[in-house]
Each structure stands twice: as C-alpha cells, then as structure tokens.
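Given the structure of chain A, go ahead and fit chain B onto it with the hints provided.
Protein chains: 2
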Amino acid sequence: MTNPSPAQINLKYLQQLDQQDPLAKKRDEFILPENTVYLDGNSLGAMPKVAAERSQHVLSQQWSQDLIKSWNSHGWIDLPAKVGEKIAQLTGAAAGQVICCDSTSVNLFKVLSSAMLLQQANNAERTVVLSQAGNFPTDLYMVEGLASLLGKQNCSLKLIDDSDNDLALEQAIADPELAAMTAVLMLTQVDFRSGRLLNMHRLTALAQAKGIIVIWDLAHSAGALPIALDACNVDFAVGCGYKYFNGGPGAPAFIYAAQRHHHKLLQPLTGWMGHKSPFTFDKHYQKAQGIEQFLTGTPAIISMSALDAALDVFNDVDMTLLRQKSLQLSNCFHQLVQQHECLQSLQLLTPANEAERGSQLAYQHEDAYALCQALIKQGVIADFRAPNILRLGFTPLYLRFIDMWTSVEVLADIVRSKEYIKAEYKLKHKVT
Amino acid sequence: MTNPSPAQINLKYLQQLDQQDPLAKKRDEFILPENTVYLDGNSLGAMPKVAAERSQHVLSQQWSQDLIKSWNSHGWIDLPAKVGEKIAQLTGAAAGQVICCDSTSVNLFKVLSSAMLLQQANNAERTVVLSQAGNFPTDLYMVEGLASLLGKQNCSLKLIDDSDNDLALEQAIADPELAAMTAVLMLTQVDFRSGRLLNMHRLTALAQAKGIIVIWDLAHSAGALPIALDACNVDFAVGCGYKYFNGGPGAPAFIYAAQRHHHKLLQPLTGWMGHKSPFTFDKHYQKAQGIEQFLTGTPAIISMSALDAALDVFNDVDMTLLRQKSLQLSNCFHQLVQQHECLQSLQLLTPANEAERGSQLAYQHEDAYALCQALIKQGVIADFRAPNILRLGFTPLYLRFIDMWTSVEVLADIVRSKEYIKAEYKLKHKVT
Numbered sequence: 220m221t222n223p224s225p226a227q228i229n230l231k232y233l234q235q236l237d238q239q240d241p242l243a244k245k246r247d248e249f250i251l252p253e254n255t256v257y258l259d260g261n262s263l264g265a266m267p268k269v270a271a272e273r274s275q276h277v278l279s280q281q282w283s284q285d286l287i288k289s290w291n292s293h294g295w296i297d298l299p300a301k302v303g304e305k306i307a308q309l310t311g312a313a314a315g316q317v318i319c320c321d322s323t324s325v326n327l328f329k330v331l332s333s334a335m336l337l338q339q340a341n342n343a344e345r346t347v348v349l350s351q352a353g354n355f356p357t358d359l360y361m362v363e364g365l366a367s368l369l370g371k372q373n374c375s376l377k378l379i380d381d382s383d384n385d386l387a388l389e390q391a392i393a394d395p396e397l398a399a400m401t402a403v404l405m406l407t408q409v410d411f412r413s414g415r416l417l418n419m420h421r422l423t424a425l426a427q428a429k430g431i432i433v434i435w436d437l438a439h440s441a442g443a444l445p446i447a448l449d450a451c452n453v454d455f456a457v458g459c460g461y462k463y464f465n466g467g468p469g470a471p472a473f474i475y476a477a478q479r480h481h482h483k484l485l486q487p488l489t490g491w492m493g494h495k496s497p498f499t500f501d502k503h504y505q506k507a508q509g510i511e512q513f514l515t516g517t518p519a520i521i522s523m524s525a526l527d528a529a530l531d532v533f534n535d536v537d538m539t540l541l542r543q544k545s546l547q548l549s550n551c552f553h554q555l556v557q558q559h560e561c562l563q564s565l566q567l568l569t570p571a572n573e574a575e576r577g578s579q580l581a582y583q584h585e586d587a588y589a590l591c592q593a594l595i596k597q598g599v600i601a602d603f604r605a606p607n608i609l610r611l612g613f614t615p616l617y618l619r620f621i622d623m624w625t626s627v628e629v630l631a632d633i634v635r636s637k638e639y640i641k642a643e644y645k646l647k648h649k650v651t
Numbered sequence: 220m221t222n223p224s225p226a227q228i229n230l231k232y233l234q235q236l237d238q239q240d241p242l243a244k245k246r247d248e249f250i251l252p253e254n255t256v257y258l259d260g261n262s263l264g265a266m267p268k269v270a271a272e273r274s275q276h277v278l279s280q281q282w283s284q285d286l287i288k289s290w291n292s293h294g295w296i297d298l299p300a301k302v303g304e305k306i307a308q309l310t311g312a313a314a315g316q317v318i319c320c321d322s323t324s325v326n327l328f329k330v331l332s333s334a335m336l337l338q339q340a341n342n343a344e345r346t347v348v349l350s351q352a353g354n355f356p357t358d359l360y361m362v363e364g365l366a367s368l369l370g371k372q373n374c375s376l377k378l379i380d381d382s383d384n385d386l387a388l389e390q391a392i393a394d395p396e397l398a399a400m401t402a403v404l405m406l407t408q409v410d411f412r413s414g415r416l417l418n419m420h421r422l423t424a425l426a427q428a429k430g431i432i433v434i435w436d437l438a439h440s441a442g443a444l445p446i447a448l449d450a451c452n453v454d455f456a457v458g459c460g461y462k463y464f465n466g467g468p469g470a471p472a473f474i475y476a477a478q479r480h481h482h483k484l485l486q487p488l489t490g491w492m493g494h495k496s497p498f499t500f501d502k503h504y505q506k507a508q509g510i511e512q513f514l515t516g517t518p519a520i521i522s523m524s525a526l527d528a529a530l531d532v533f534n535d536v537d538m539t540l541l542r543q544k545s546l547q548l549s550n551c552f553h554q555l556v557q558q559h560e561c562l563q564s565l566q567l568l569t570p571a572n573e574a575e576r577g578s579q580l581a582y583q584h585e586d587a588y589a590l591c592q593a594l595i596k597q598g599v600i601a602d603f604r605a606p607n608i609l610r611l612g613f614t615p616l617y618l619r620f621i622d623m624w625t626s627v628e629v630l631a632d633i634v635r636s637k638e639y640i641k642a643e644y645k646l647k648h649k650v651t
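Quick note, the sequences are listed as chains A and B, same order.
In terms of the numbering used here, the first sequence has 438 at position 219, counting the first letter as 1, and numbering is strictly consecutive.
In terms of the numbering used here, the second sequence has 485 at position 266, counting the first letter as 1, and numbering is strictly consecutive.
Chain A on its own, in the form it takes in the complex (with noise of 0.2 Å):
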C-alpha cells in the first residue's frame, strides 16, 4: 500500500517525505503544545483551532446572548443528525444512517439491545453475543449489563482470543452449533491494545450468512482509515468522537444503524430526543422514522459543537491518502527502532502486515510503564497498557515524519542512559 523506504533512513529522508506530504498543511489547523511529540491522538485527538472558535461562539453569542433561542436560531436541535451526517461521510455511510449522541458505552447497548430484540422477535434460541476476548472492556461488560435485565438465559458473552489473526473468529462463526446460538457478533475494527485490524468485509459477511446480526466499534478506527459500513452490509456500528475526530475530551459519540433495519427497529433508551415528535408532548412514545430513533436524552451542546466544528478538519481530507500517511509514519517509526541495537528489546505486537494494522504500534517490554514515563518526561507523549505495552498513535492530521525522528531518537537515549529505571518510573502509581 505504502511505497518501500530505503535499507536505511535517516533524518534528512523523513524531511523529504514532510516537503511532499499532501497532508502537511494540515497541522497548521490544530493547536498544538510546544516541544512536543503527541502520539497519543487514539486515546485523546489534539484541538482543531475551529473547535476552538466554534466553542467560543457557543458560549459567548449562543448560549449567554441568545439563550434558548439557540436551539432553533443556532441549529441546536439539528446538531445530532448534522454531526452524523458529517460522520457518515467518514465512514462510508449513506444519509440518514448515522447520529451523534451520548457516550460509546451508551450507544453499545442501545444496538446491543437493539440487535437482540431483532433475533428475539425472530428467533428466540439465539441467547449469544460472540466477541473478542481482548475487546475493549466496555463492551463486553455493556453485554453483562444488558444480561441483567434480559436474564442470563436469553443473554451470555463468548468470547474469542482473536490476538494473532482473524481465523479464531472465523472459526467460530464456521461452528454450526456456536453459530446457530449466536445472536450477535461484536467486534472492535483496530484491537485498542496492539493495534490488529479486523476485516471488516468477511467477517460480517461470514456472520451474517449464519444469521448473526454485526455490530463493529469503531473507536480506534474511525477517523484513521477508510472504513465502508455500507459496502461491508454491516448492521450497526458505534464510535468515538475524541480520539481520531479530535471532538475534544469525552465528545459525544456516535451510532450507525444501516437503513433496512429503521422501520422494525426497538431501541430501549427511549427518551424524549428520540420521538418522532418531541415537542408535541405525548404522553405515549412514537419512534422517529430515521435514525433519530436512536436519541434519548437532551445533547451535551457544549461539547457536540466541539466535534461538529472538529470534523470539518476532515472536509478537503482524502481517506485513502490519510491512511497512506498514517501506515507510513508507523512504517518509519518502526524502521527507525530496528536500527536502533539499543531498541531490540522492544517486541512488537502490532501486526508487520500493513493490511492487518490500524493507526498504531504496540511495542511488549517489561518496562513498558517505566519507558512511557520517561518518555512523556521528555515530551513525547506515549500511552501505557497494562501489563506491559508501549502504545503509540499515528495521527496523520498533525503528526510529521521528523516527529518518528525525534521520538524514536529520545526513546534510544532513554534506554540507552537507563534513566527509565529511575525508581520514580516504576509501576507503582496511579495507571492512567
């Protein structure tokens, strides 16, 4: 997908590769911290200077001036469906099939819920949510939460180490007797540890062939690669708004439902939002049509307008050259640790094969915990997951190829020195 490097890079070669950068103007749109190295966008995205602004209106002429006006004069009652809308274009998604609210976690179990309605009303022997088993915990614990109030009987979570490849999965699916118990299959598209990259494509084709309606998480995909939820036929998907979208911290999330689900659809969080006439006031619930269905309660507006203005960073972005970047900035942060002799000991977990990686690299070392503090020390500012990864996020938007430079440059000095094992390092504090 990406072009080879040469045996050997250096820096005067990553320079190169930023003057001819299609995307290098694009860091010029985000306020960044100085004598900085974020690689850590997939848990937090930097802040467009649009969200910024947008944020300052919001407050300063929205809010205190024009009041509850707003919601009509401002567009606030549209900000949901707008917001999707402009997600829906990042994902592959025709209209009217994506809206903006709440958090990932919510949103799981509306389309949990949704989802196991659906193989209710149509077949009740189907008790089996199937995942991974190093999903992102959220997940499997929305589906524990969703079995108390269906009953474990109609409700249970298998789980699948799925950490090498896809085949474990697929194996799965390609049990008659598993297959025919399953209700639904959840995955996470990019593996929020190390990074693998689910085929979206086959799996919800397989599933689906067996009956099994699909539910992907985009968390730690949307906003990095190209995705096709309507290419791929998949049933629902929900995201994440602050990491890649660079909504801000704990933007609203989102929520996919494809169209020829809408009209028999029940989803159980049915509030008022949610109505197909919210301000009529009746006393009975009447889902809307669309997508709309899937609202609930009043938006967070504050913080919707943060990742509504954020998204239009992505307006003159090409997905396909995003992604080229994105593998190419992992591609050159990882050839630079290999020359590195001082670096050998750090194993990487992420997949070498460009098809099965997302946005990241993890690197396994035993002191993994002790490294990202160093290194955040020094300003570059990595991610830790317990027990022993290095976890490091490439977001094309801002990041440039001097920063692999640097950072791979300040982690060799690092370990050279040894001052990582400065006791002060060590995994005694707070995990965050």
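Bear in mind the hints are in silico, worked out from the structure with no lab data behind them.
Don't take each hint at face value.
Chain B regions said to be covered by chain A (calculated; three or more residues, Cβ under 8 Å) [stated by the list, open to error]:
1) 255–264
2) 345–359
3) 362–370
4) 390–399
5) 513–526
6) 598–608
By construction, the Cβ of each residue, glycine as well, lies at the ideal position given by its N, Cα and C atoms.
Just chain B, lined up with the frame of chain A:
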C-alpha cells in the same frame, strides 16, 4: 413564607425590594443579553461568568496544551464525583450519594432499572411503575423502553392525574391492590407545565410504607428551592444540569442513590467508568462500591466542566433566601397581572398556595402561543407549552423585582394593542 405585599404594588415598591434583596449582587456573576427579561431560566439557565472562564481554560490549556495528561492533572477523572458533591449539597444529600453523568433520560433508565431489579430480587409480583399522567414525557417513555427489555408482563406504567393536588396520588398509594403490584413510584417534584410542587416527604413516606421504591425527578426543582433528599428518605433521584443550575445547554445530568442501597444495586448500563477499577481493564465487570457504580462511559468534559464552574455561583447562596426571593418574584408578577384589567383573561394554572408552587407560573390563555411569541419579540423571553400555556420561570440569582414590572407592562401593552393577533404569531410555526 414571604412577607405580604401592599394591596397595590408599583415600580417604586419593586425598586425598594431590589435594594433590600440580599441576592441582588448575584446578578453581576452572569452575562446576560441587554434589554431582555429572561423568564426561561427553567428551560436553559443563563451563563455564569465563571462557566465561560472555565470553558476557556479547558480549551486553551487543558485540552490543547496538556492533552491526555489532563485526566489526572486537571482532575477530569474525578469530575463526575466532584460535580456530584456540589449538587449533593444543594439537594440535601450527604456525601457519596450524588454523581454527575449522562442525560436525565439515560439516568432515569439507570435508576428505574435498579429499582425494578431490587424489587425483582425481593418480590417478583411487583411490576407497576406508578407516575403522574402529566409527568414530563421522557420520564414515561423511559418506562416503556425498559418494559421492552423486561417484558410488558414485568413492567407497566400506571398513570394518575394529579393536576389539582397530591390527593389522587395518595389515594392510589392507599389502594391495597394497586400498592401491592407497584414496584416504583416515579414522580417529578415540580410539574413542568403547571409548576405545582409535590409533597416529597409525605408521598415518599406513604409509598415506602407499602414497600414501594420512590424515584424523584428534580428537573424543575433542583437549584430552585431547598430539597431534602436524605431527610425525606428518598430512594433515588435524577435531575438536570442546564436549568436552575445554569450548567449550559445540554449540561450533564445527575443521579442520587441513597447510600443504604449501594451494596445491593445493579444498574445495567455497566460501562467502564462504573467499574471499581476502570484502568485495570478487567474482562469482567465489577461495580464500584459507591455512587460511581452509576457511571457508564467517558464523561463529556467540556460540558461537565462548565457545569462544575456554574455550581460555584451557589457557594454563598442560602437556599432558604433563594426560595423566598423566588416566591416573592412570582407573587409580585401575579399581583401585577391582577392589577391590569386587560390581563384578566389569563387564568393562573399554578397553585396560589406558596407551599404548592415551584419557581414558575403558568397561565392558560387561548392565544398563549401568540402572546409568547409577541413577548419574545419585545425582549421578554417566556415559554409556551401546548396547548394553551404561557410559562414564566423565576430565577432568583439573576432576576430583579423591577423585571417583574417590565415584563407585565410589556405583556399588558401587547394584549391592549392586540398586537399578538397578527397572523405571524399564530400557531402555525414550529413549537419550541
């Protein structure tokens, strides 16, 4: 509760009240539009200066400069509990029982589910949620949604018309057959249309004596009057951050759960933030011990920070004085209305008795919508509720007594000139 007014009141009298008002200075802590009397703080509170300043800091420093580190360094991770404690102090709850999260609707789902599961564990025969026919629709919708998961045979709604007084509710609770079937009494403390205030202490005690769990929605009371959740022995409550708490549009909501229930509860929106140790990334959900068990996903930090700051406006406010001013404002407004012959067509829907009144007045008028639109055009921001209610909210922190004079004069002018009858004010527009 308030001192009696003279038989006839005038502008001078109101100016005197402003001079004597111990809360008069609080108005300076808000940024308000000029030439406006804002009588809709019960829909969206005005913007406190501290909320704007904090939001600015969250953007320009916390998000943009300190990025992911802010979860610890700026206390983002503790924000739901911190905001919860501030709300606890304003609602008569001891520490550790209130948490800020999600929307009121989502929070209702959490406490409703918790209450139903508690009852299921004790007595499977109780399946009814008893509520007010005039309750805010989202409260009723959430019960319908929960029923879709629990099964309608296990969860149904019984509505009582309580528009006149508490008697009908008391009779329903006294009905042995109904009481034996009732799992939950779910009431809104101040009716969103009429502004009628229910007797929390008495209704809670009556219901609990019959084994019913009691949930209060404080949307139209929290921040408007003294509330004594602990003293009333309430089981659960939810409420809103964007009305009298002035937390900004769509500010996060809150949950109160009495300490005595914490150890045995299970709320089904079991996201990672409600885990007893979110960052150990356990495969299995183990709920937090305290009120944190009601958290679900990642909080909307920008919106929640604005609310956190806004609550500090209450730091030096005596809620008894606030209540006194609230009643005095509405008394003056109503007396001024009565002093105008041209306003006799306005029928007060709100109880005249102060003890049964929230912080708003509702008038029925056949042209209520047109009147409301005409008022707004003249800078008096009122609210309309279908089919025929003109609703006026009194927010003692930023309203003056002379504002009562201004707004009633404007209203009288409109009615006298019949300006509101103009076609453009007729009820053909979108109702907001």
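Tested hints:
1. 255–264: Held - the segment 255–264 of chain B has 4 residues with a Cβ nearer than 8 Å to chain A, which meets the minimum of three.
2. 345–359: Answer holds; 5 residues pass the 8 Å Cβ test.
3. 362–370: holds (count 6)
4. 390–399: violated (count 0)
5. 513–526: holds (count 10)
6. 598–608: holds (count 4)
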